[in-house]
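2 protein chains.
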Amino acid sequence: MTVQSRSPERLVHVPLGDRAYDILIGPGLLARAGGEITSRLKGRKAAIITDEHVAPLYLEALMDGLQTDGIEAVSLTLPAGEKTKSFDHLATVCDMVLAARIERNDAVIALGGGVIGDLAGFAAGIVRRGVRFVQIPTSLLSQVDSSVGGKTGVNSRHGKNLLGVFHQPDLVLADTSILDTLSPREFRAGYAEVAKYGLIDNPAFFEWLEKNWQKVFEGGPERIEAIAVSCQSKADVVVEDEREMGRRALLNLGHTFGHALEAATQYDSKRLVHGEGVAIGMVLAHEFSARLNLASPDDAKRVEEHLKAVGLPTKMSDIPGELPGADVLLDAIMQDKKVKGGKLTFILTRGIGQSFVADDVPSSEVLSFLKEKLAK
Amino acid sequence: MTVQSRSPERLVHVPLGDRAYDILIGPGLLARAGGEITSRLKGRKAAIITDEHVAPLYLEALMDGLQTDGIEAVSLTLPAGEKTKSFDHLATVCDMVLAARIERNDAVIALGGGVIGDLAGFAAGIVRRGVRFVQIPTSLLSQVDSSVGGKTGVNSRHGKNLLGVFHQPDLVLADTSILDTLSPREFRAGYAEVAKYGLIDNPAFFEWLEKNWQKVFEGGPERIEAIAVSCQSKADVVVEDEREMGRRALLNLGHTFGHALEAATQYDSKRLVHGEGVAIGMVLAHEFSARLNLASPDDAKRVEEHLKAVGLPTKMSDIPGELPGADVLLDAIMQDKKVKGGKLTFILTRGIGQSFVADDVPSSEVLSFLKEKLAK
Chain A
1 MTVQSRSPER
11 LVHVPLGDRA
21 YDILIGPGLL
31 ARAGGEITSR
41 LKGRKAAIIT
51 DEHVAPLYLE
61 ALMDGLQTDG
71 IEAVSLTLPA
81 GEKTKSFDHL
91 ATVCDMVLAA
101 RIERNDAVIA
111 LGGGVIGDLA
121 GFAAGIVRRG
131 VRFVQIPTSL
141 LSQVDSSVGG
151 KTGVNSRHGK
161 NLLGVFHQPD
171 LVLADTSILD
181 TLSPREFRAG
191 YAEVAKYGLI
201 DNPAFFEWLE
211 KNWQKVFEGG
221 PERIEAIAVS
231 CQSKADVVVE
241 DEREMGRRAL
251 LNLGHTFGHA
261 LEAATQYDSK
271 RLVHGEGVAI
281 GMVLAHEFSA
291 RLNLASPDDA
301 KRVEEHLKAV
311 GLPTKMSDIP
321 GELPGADVLL
331 DAIMQDKKVK
341 GGKLTFILTR
351 GIGQSFVADD
361 VPSSEVLSFL
371 KEKLAK
Chain B
1 MTVQSRSPER
11 LVHVPLGDRA
21 YDILIGPGLL
31 ARAGGEITSR
41 LKGRKAAIIT
51 DEHVAPLYLE
61 ALMDGLQTDG
71 IEAVSLTLPA
81 GEKTKSFDHL
91 ATVCDMVLAA
101 RIERNDAVIA
111 LGGGVIGDLA
121 GFAAGIVRRG
131 VRFVQIPTSL
141 LSQVDSSVGG
151 KTGVNSRHGK
161 NLLGVFHQPD
171 LVLADTSILD
181 TLSPREFRAG
191 YAEVAKYGLI
201 DNPAFFEWLE
211 KNWQKVFEGG
221 PERIEAIAVS
231 CQSKADVVVE
241 DEREMGRRAL
251 LNLGHTFGHA
261 LEAATQYDSK
271 RLVHGEGVAI
281 GMVLAHEFSA
291 RLNLASPDDA
301 KRVEEHLKAV
311 GLPTKMSDIP
321 GELPGADVLL
331 DAIMQDKKVK
341 GGKLTFILTR
351 GIGQSFVADD
361 VPSSEVLSFL
371 KEKLAK
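These protein sequence lines map, in sequence, to chains A and B. According to the numbering used here, the stretch in the first sequence is residues 1 to 376, in order. According to the numbering used here, the stretch in the second sequence is residues 1 to 376, in order.
It is worth saying that the hints were derived from the structure and are not from the lab. Check before you lean on any hint, since a few could be wrong.
It does not matter which identical chain is used: a pair holds within one copy or between any two.
Computed list of lysine-lysine pairs in DSS-like fashion (alpha-carbon distance at most 27 Å, straight line) [unchecked claim]: (1) Lys343 - Lys42; (2) Lys371 - Lys211; (3) Lys343 - Lys45; (4) Lys45 - Lys308; (5) Lys83 - Lys315; (6) Lys215 - Lys343; (7) Lys211 - Lys42; (8) Lys376 - Lys215; (9) Lys371 - Lys315; (10) Lys315 - Lys270; (11) Lys211 - Lys308; (12) Lys371 - Lys301; (13) Lys315 - Lys215; (14) Lys315 - Lys373; (15) Lys45 - Lys376; (16) Lys308 - Lys343; (17) Lys211 - Lys315.
Use the sequences and the hints to build the structure in full.
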């Protein structure tokens, strides 16, 4: 894989028939949002959903850009953080979108990270049974993962993302210059999902990342390349399996353990953010695969070393504070939506870039594995 | 059209690819629900949503029937009436379905009329981004209309059905013996939607109804026939235009005026129920078409006479109590979701069974028409 020397902007097309859309990746897209939207959507009204961290930095620029191109926009700024992904906030967003008289061809615009994207996308999917939806992801995590593929949702007291719809965006604008304002911790958390695409089925990309990760962190063409490869990987999986009946589940590599750890830490971002949970979860998935004699323990070591090198947590003891017991973690896993007919579905691996869906993992194996890891 | 003399049960298949499903129509289906479900769905758990009018009559029989076939079912009984179609009740239903650990292959079962079907279907569409859904409609209205086609939703303070998803059922069981317990007023209200299928594009069916409506009201094979023809008509439209981009809008014949009247009477069922609004709305749509020189006034008269004969209200002055002015009704119409880019979309007609979608109706014409009708 080589970094290309032409114009830094990249376009990934997601060919989903009448739900097809473009992902644009590059610097300075925020200022051009109006033009990119008017060239693709019929409506000339927009409701922007954002949060109080992002709004002071980018909302005005976006509003100005939209106005220049004749789009009448209103905005709603919500509290930042995972707790905003609630049914109550969904009601607030829907009410605001309806009050703005957004019609089917008008757009809801998500300006923010995964929380805002998932929440605004859910609202866009249910207002008038679906209005247009534009993602302007402002975190690395959302640029490479949640903004692509149409999964939307909120959390419930029963678990994460348990309520939602599939609602594809009509356009994704991944402005890479926005990422310069991310904290190093946020950038690293997003990077865990970038590495995931290598681990799923692209060993060459993982190797490229092992060599080039510092340039990805510094910015420049390697960053755009890494994001474009990630979006393309995700788009390929989504096109093959839009509604997650099979292959799309691979994207959950590291997520079953990760979600359980997020639940166990009460979604407290001081202790653990999503990407960090995924980083630990990916190492656990490789270790668990090794324990089941599916993969070499060396691969788990290699994953751990790379994620550690970039500064990510890689084991449960890296999480500050007390963790609950293995049985509580297992219960969180059982309530996760990837359980079918009582049996556990896990993404396991035969080695770097050789992940697969296993839908018959005995819960007893998971329990003893977790007990062992927690005891260390 | 002749009534067939074979087994009274009818099956209408809705061929929607991987979302295809059957509608069974006939007496005694409630008791057989378990067998019909287990022969079609993989899951063996169900969450029944019903209301306090229907529960005392049919919930126990359904629970018993499901248990016999090995389906573990829990139930939630909500208040009866349009006010139950709210976002708050949606939250309650979703929480109950999640607490019951309903997984993707398990079912949410709607046992009730359109309110319960729309609410439970919405929940089934968003829990885990979609679980299985079985409709057991207990009113004539829901048997011939809302239980088929996958439109789900709740009302908002901004208007009716403004929040929802398209989520097709996996099975519809229209037990015609249940209809014997409906009040005459409820049966008549549902009958308005039956007549609608004739008025949309089936003049022979409308003529058959003019001759046979009394037998439909009495029960027997004519009732099953009328329901089957209605379901088949609706299925045909839905298959052609699942997500209401064009032709499906025809199903809204009478509904634009009807919804405005429902809003104007605050959804107070003592004054007006949905089918009655549709009856008045269909007469208004025919009269408005005549006023625009699209159809003969004789057709409007014929529609009015038939609906009056069965005992339905046919004009705004038939609604007890005060109605708001024409401008308030127009405003309700403008907020209806069938407004695109500010222009009014109406279902108009060139005569009995010759409806069409008009998407450029000037609001000034609607206003003066409403003023004239209200003055009478």
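For each hint, the structure was consulted:
Taking the closest pair of Cα atoms, Lys343 and Lys42 come within 27 Å of each other only across two copies (14 Å); inside a single copy the shortest separation is 46 Å, beyond that limit. Taking identical chains as interchangeable, the C-alpha atoms of Lys371 and Lys211 are never at most 27 Å apart, the minima being 35 Å within one chain and 75 Å between chains. For the identical chains of this complex, Lys343 and Lys45 are inter-copy neighbours only, at 15 Å across copies versus 46 Å inside a copy, given an alpha-carbon limit of 27 Å. For the homomeric pair Lys45 and Lys308, neither the shortest alpha-carbon distance inside one copy (45 Å) nor that between copies (44 Å) is at most 27 Å.
When the C-alpha separation of Lys83 and Lys315 is checked against a cutoff of 27 Å, the pair qualifies only within one copy, where the shortest distance is 25 Å, while the shortest distance between copies is 50 Å. Neither within a single protomer nor between protomers do Lys215 and Lys343 lie at most 27 Å apart by alpha-carbon distance, with minima of 42 Å and 52 Å respectively. Proximity of Lys211 and Lys42 under a CA criterion of 27 Å is satisfied in neither setting, with 44 Å inside one chain copy and 48 Å between copies. In this assembly of identical chains, the alpha carbons of Lys376 and Lys215 never lie at most 27 Å apart, being 34 Å within a copy and 77 Å across copies at closest.
In this assembly of identical chains, Lys371 and Lys315 lie within 27 Å of each other by CA distance solely inside one copy; the values are 13 Å within and 72 Å between copies. Proximity of Lys315 and Lys270 under a CA criterion of 27 Å is satisfied intra-copy only: 17 Å inside one chain copy versus 63 Å between copies. With identical chains, the CA atoms of Lys211 and Lys308 are at most 27 Å apart within one copy only, with a shortest distance of 14 Å there and 80 Å across copies. Proximity of Lys371 and Lys301 under a CA criterion of 27 Å is satisfied intra-copy only: 20 Å inside one chain copy versus 78 Å between copies.
For the identical chains of this complex, Lys315 and Lys215 are intra-copy neighbours only, at 25 Å inside a copy versus 73 Å across copies, given an alpha-carbon limit of 27 Å. Taking the closest pair of Cα atoms, Lys315 and Lys373 come within 27 Å of each other only inside a single copy of the chain (8 Å); across copies the shortest separation is 74 Å, beyond that limit. Within a single copy, Lys45 and Lys376 get their C-alpha atoms no closer than 56 Å, and across copies no closer than 39 Å, so neither meets the 27 Å cut-off. For the homomeric pair Lys308 and Lys343, neither the shortest alpha-carbon distance inside one copy (32 Å) nor that between copies (58 Å) is at most 27 Å.
Taking CA atoms no more than 27 Å apart as the test, Lys211 paired with Lys315 passes inside one copy only; the shortest distance there is 23 Å, against 77 Å between copies.
Hints 2, 4, 6, 7, 8, 15 and 16 from the list above are not met by this structure, while the remaining hints are.
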